[in-house]
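From first to last, the protein sequence lines are chains A and B.
So the number in this note's numbering is just where the residue sits in the first sequence, counting from 1, plus 28.
So the number in this note's numbering is just where the residue sits in the second sequence, counting from 1, plus 47.
Some hints here could point you the wrong way.
One side of the interface only, derived from the structure: several residues of chain B facing chain A at Cβ under 8 Å [said to hold, decoys possible]: (1) Gly71; (2) Leu75; (3) Gln148; (4) Ala186.
Examples of chain A residues lying across from chain B (beta carbon under 10 Å, computed) [as the list claims (entries may be wrong)]: (5) Leu77; (6) Arg91; (7) Val93; (8) Arg94; (9) Arg95; (10) Leu106; (11) Glu108; (12) Pro111; (13) Leu114; (14) Leu119; (15) Arg133; (16) Ile176.
Here are the simulated distance ranges between beta carbons [stated by the list, open to error]: (17) A:Ala345 / B:Trp193: 45 to 51 Å; (18) A:Asp162 / B:Gly65: 58 to 64 Å; (19) B:Trp193 / A:Arg192: 57 to 63 Å; (20) A:Arg94 / B:Trp193: 51 to 57 Å; (21) A:Asp135 / B:Glu68: 57 to 63 Å; (22) B:Phe103 / A:Thr98: 27 to 33 Å.
Hints were generated in silico from the structure; no laboratory data involved.
Fair warning: this is a prediction, and the values are worked out from it, not measured in the lab.
Note that CB positions come from ideal geometry on N, CA and C, so glycine has one too.
The chain contents come next:
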Amino acid sequence: MLELRGVRHRYDGRLVLDLEHFAVPAGAMLAVVGHNGAGKSTLLRLLALLEAPTEGSVVWDGRPVRRASTALRRRVTLVEQRPVLLRGTVLENIGFGLQVRGVSRADAYKRTAEVAEQLGLLSLLERRRTELSDGEVQRVAVARALAIRPDVLLLDEPASSADRAASGALYRALAAERGKRSMAVCIASHQLEDAYRWADDIRALADGRLSPVTPENLFRVELTAAGTDTMSARVGSIDILVTTDRAGSAVLAVPPGDIFVSREPLSSSARNVLKGSVTRVATHRGGGVAVTADVGVELIAVVTADACRELALAPGAPVVFSFKASAVQVF
Amino acid sequence: MEFLREGFRRAVALLLSGDAEVFGIALLTLKIAVVATVIACGVGLPLGYFLATRRFWGRRAALTAVNTALAFPTVVVGLLLFGLLSRRGPLGELGWLYTWQAIVAGDVLLALPIAAALSAAAVQGVDARVRRTAQTLGAGRWLTAWTVAREARFALAAVITAAFGQVVAEIGAAMMLGGNHRGSTPTPPTAVAPYTPQGDFGLAIALGLVLIAIALLVNVTLQVLQGKGGA
Numbered sequence: 029m030l031e032l033r034g035v036r037h038r039y040d041g042r043l044v045l046d047l048e049h050f051a052v053p054a055g056a057m058l059a060v061v062g063h064n065g066a067g068k069s070t071l072l073r074l075l076a077l078l079e080a081p082t083e084g085s086v087v088w089d090g091r092p093v094r095r096a097s098t099a100l101r102r103r104v105t106l107v108e109q110r111p112v113l114l115r116g117t118v119l120e121n122i123g124f125g126l127q128v129r130g131v132s133r134a135d136a137y138k139r140t141a142e143v144a145e146q147l148g149l150l151s152l153l154e155r156r157r158t159e160l161s162d163g164e165v166q167r168v169a170v171a172r173a174l175a176i177r178p179d180v181l182l183l184d185e186p187a188s189s190a191d192r193a194a195s196g197a198l199y200r201a202l203a204a205e206r207g208k209r210s211m212a213v214c215i216a217s218h219q220l221e222d223a224y225r226w227a228d229d230i231r232a233l234a235d236g237r238l239s240p241v242t243p244e245n246l247f248r249v250e251l252t253a254a255g256t257d258t259m260s261a262r263v264g265s266i267d268i269l270v271t272t273d274r275a276g277s278a279v280l281a282v283p284p285g286d287i288f289v290s291r292e293p294l295s296s297s298a299r300n301v302l303k304g305s306v307t308r309v310a311t312h313r314g315g316g317v318a319v320t321a322d323v324g325v326e327l328i329a330v331v332t333a334d335a336c337r338e339l340a341l342a343p344g345a346p347v348v349f350s351f352k353a354s355a356v357q358v359f
Numbered sequence: 048m049e050f051l052r053e054g055f056r057r058a059v060a061l062l063l064s065g066d067a068e069v070f071g072i073a074l075l076t077l078k079i080a081v082v083a084t085v086i087a088c089g090v091g092l093p094l095g096y097f098l099a100t101r102r103f104w105g106r107r108a109a110l111t112a113v114n115t116a117l118a119f120p121t122v123v124v125g126l127l128l129f130g131l132l133s134r135r136g137p138l139g140e141l142g143w144l145y146t147w148q149a150i151v152a153g154d155v156l157l158a159l160p161i162a163a164a165l166s167a168a169a170v171q172g173v174d175a176r177v178r179r180t181a182q183t184l185g186a187g188r189w190l191t192a193w194t195v196a197r198e199a200r201f202a203l204a205a206v207i208t209a210a211f212g213q214v215v216a217e218i219g220a221a222m223m224l225g226g227n228h229r230g231s232t233p234t235p236p237t238a239v240a241p242y243t244p245q246g247d248f249g250l251a252i253a254l255g256l257v258l259i260a261i262a263l264l265v266n267v268t269l270q271v272l273q274g275k276g277g278a
């Protein structure tokens with residue numbers, strides 16, 4: 029439905045996005061994960077037709093978009109990471125998109141009340157932006173976007189200011205809306221856990237490029253020489269050894285399946301042996317169990333359910349993560 | 048001091064008696080000021096919005112030109128228009144010289160840069176997310192501009208006030224284009240100038256008070272129009 033083809037986008041000559049192909053299929057539930065500055069917000073602005081790419085094209089239903097018409101832009105909407113509410117009440121804000129589409133006042137009110145109820149905003153309808161918390165502003169912005177029933181809904185960190193209950197209400201509202209009609213949703217998030225919970229497809233973005241590996245354990249680092257064939261990268265409070273001939277700025281990925289998990293340090297060829305404690309244990313989307321541990325930085329390893337049981341991996345349990353320098357991917 | 052006291056006494060008497068000459072000049076001033084401000088802001092505000100929100104080749108140069116025009120000496124504008132509107136000038140056939148239309152033309156040229164430059168600054172001061180939000184919610188070009196303008200309403204009201212102030216207080220171009228002799232097209236600034244050396248302090252002070260009253264009226268009106276300033 030909505031695609032970016034051969035897109036290279038620059039700000040003041042600096043390349044911030046470099047995507048050969050990125051597609052949001054109709055009705056898809058897509059997550060884009062990546063660290064701050066990875067290019068997620070820029071990607072969403074291009075998809076929302078709010079900016080034109082410096083190079084390449086935005087393609088809608090197979091046709092390149094040469095000029096973003098109002099009619100086309102009305103089919104896609106973006107909720108920014110720190111959304112702003114327009115002048116007026118919450119009611120007026122949620123109804124803004126309906127008003128510009130010429131929806132009758134009665135129908136607009138009905139629709140506004142419907143989405144406000146889904147997102148727990150009914151009691152806030154007469155409030156103004158100065159009377160709302162950051163989390164409430166985010167929910168109003170999502171309600172405002174849902175109200176117009178877009179074909180593609182783009183959300184940039186929509187739950188970053190929300191508590192667990194509000195975040196739950198938000199994802200339930202999205203699910204309810206998608207239950208009624210086809211709507212593609214693309215959420216940019218740095219919270220992998222959330223992405224795994226609801227997304228059909230997860231793409232990782234690092235330094236403006238799609239990551240060729242899974243989105244877990246991605247870090248932007250500075251590589252410095254550590255030996256004849258190894259480089260060292262400082263991540264959080266630990267140093268990770270990497271086999272690479274690259275130096276300087278890079279993105280580093282530790283594939284979760286390449287991490288050995290044990291209760292005690294293993295005698296092995298692994299150059300990276302990190303002690304810590306388990307913080308989360310959850311079912312992994314691709315099969316197995318995802319074990320998250322704080323080893324000086326948060327890393328995710330994937331083990332089998334049997335291994336998890338035998339090692340008694342549970343939050344708080346001591347754990348050792350080991351992986352070879354050659355297993356670490358650098359790009 | 049006596050002549051000043053006498054001048055004020057006569058000014059008050061003229062105003063209270065509804066002197067036809069004073070109120071005729073006042074009404075003409077109001078007409079010129081309103082027409083010139085409407086034209087200058089009608090062109091200048093959209094131009095300011097365009098300069099603030101569009102990225103195009105030469106934008107920086109255009110902004111510099113508009114900002115430079117802020118400092119144009121009024122007599123230079125008057126001279127330029129005088130040349131254009133004089134009988135031998137290219138616009139001489141209009142027959143506007145020494146009429147209120149000529150003063151309006153001069154005032155528009157002087158107020159337009161104020162409206163454009165200050166409104167560009169006002170729009171640039173609005174959070175860029177406001178414009179993006181309006182666009183992504185489906186607003187067209189005009190509704191997006193209106194949404195941004197609502198956010199900048201205080202600054203834009205100040206722009207209109209400044210443009211109006213320029214028009215009401217302007218004298219250089221008005222004297223050249225409207226004339227500064229009795230019987231020509233007088234406005235309070237242009238009338239005060241010739242009446243004062245003639246010793247007609249009462250009339251001059253009365254017109255001065257009219258100027259202040261007009262400025263006060265416009266400011267109060269704009270403040271009322273801005274509403275209570277809710278978020």
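Hints, verified against the model:
1. Gly71: 42 Å, violated
2. Leu75: This hint is violated: B:Leu75 lies away from chain A, its Cβ roughly 38 Å from the closest one there, beyond 8 Å.
3. Gln148: This hint is violated: B:Gln148 lies away from chain A, its Cβ roughly 38 Å from the closest one there, beyond 8 Å.
4. Ala186: With a closest approach of 5 Å, the B:Ala186 hint holds.
5. Leu77: 8 Å, holds
6. Arg91: 20 Å, violated
7. Val93: 14 Å, violated
8. Arg94: It is violated, given that the least Cβ distance between A:Arg94 and chain B is near 17 Å, above 10 Å.
9. Arg95: Violated, about 12 Å.
10. Leu106: OK, holds: A:Leu106 within 10 Å of chain B, min 5 Å.
11. Glu108: Holds, about 6 Å.
12. Pro111: 7 Å, holds
13. Leu114: 6 Å, holds
14. Leu119: 14 Å, violated
15. Arg133: This hint is violated: A:Arg133 lies away from chain B, its Cβ roughly 17 Å from the closest one there, beyond 10 Å.
16. Ile176: 6 Å, holds
17. A:Ala345 / B:Trp193: 45 to 51 Å: Once the Cβ atoms are compared, 59 Å apart, the range 45 to 51 Å for B:Trp193 and A:Ala345 is violated.
18. A:Asp162 / B:Gly65: 58 to 64 Å: 60 Å, holds
19. B:Trp193 / A:Arg192: 57 to 63 Å: 39 Å, violated
20. A:Arg94 / B:Trp193: 51 to 57 Å: The hinted range 51 to 57 Å is violated for A:Arg94 and B:Trp193, with Cβ atoms some 26 Å apart.
21. A:Asp135 / B:Glu68: 57 to 63 Å: Given a distance of about 60 Å, which is inside 57 to 63 Å, the answer is holds.
22. B:Phe103 / A:Thr98: 27 to 33 Å: 20 Å, violated
Going through the hint list in order, the structure does not satisfy hints 1, 2, 3, 6, 7, 8, 9, 14, 15, 17, 19, 20 and 22.
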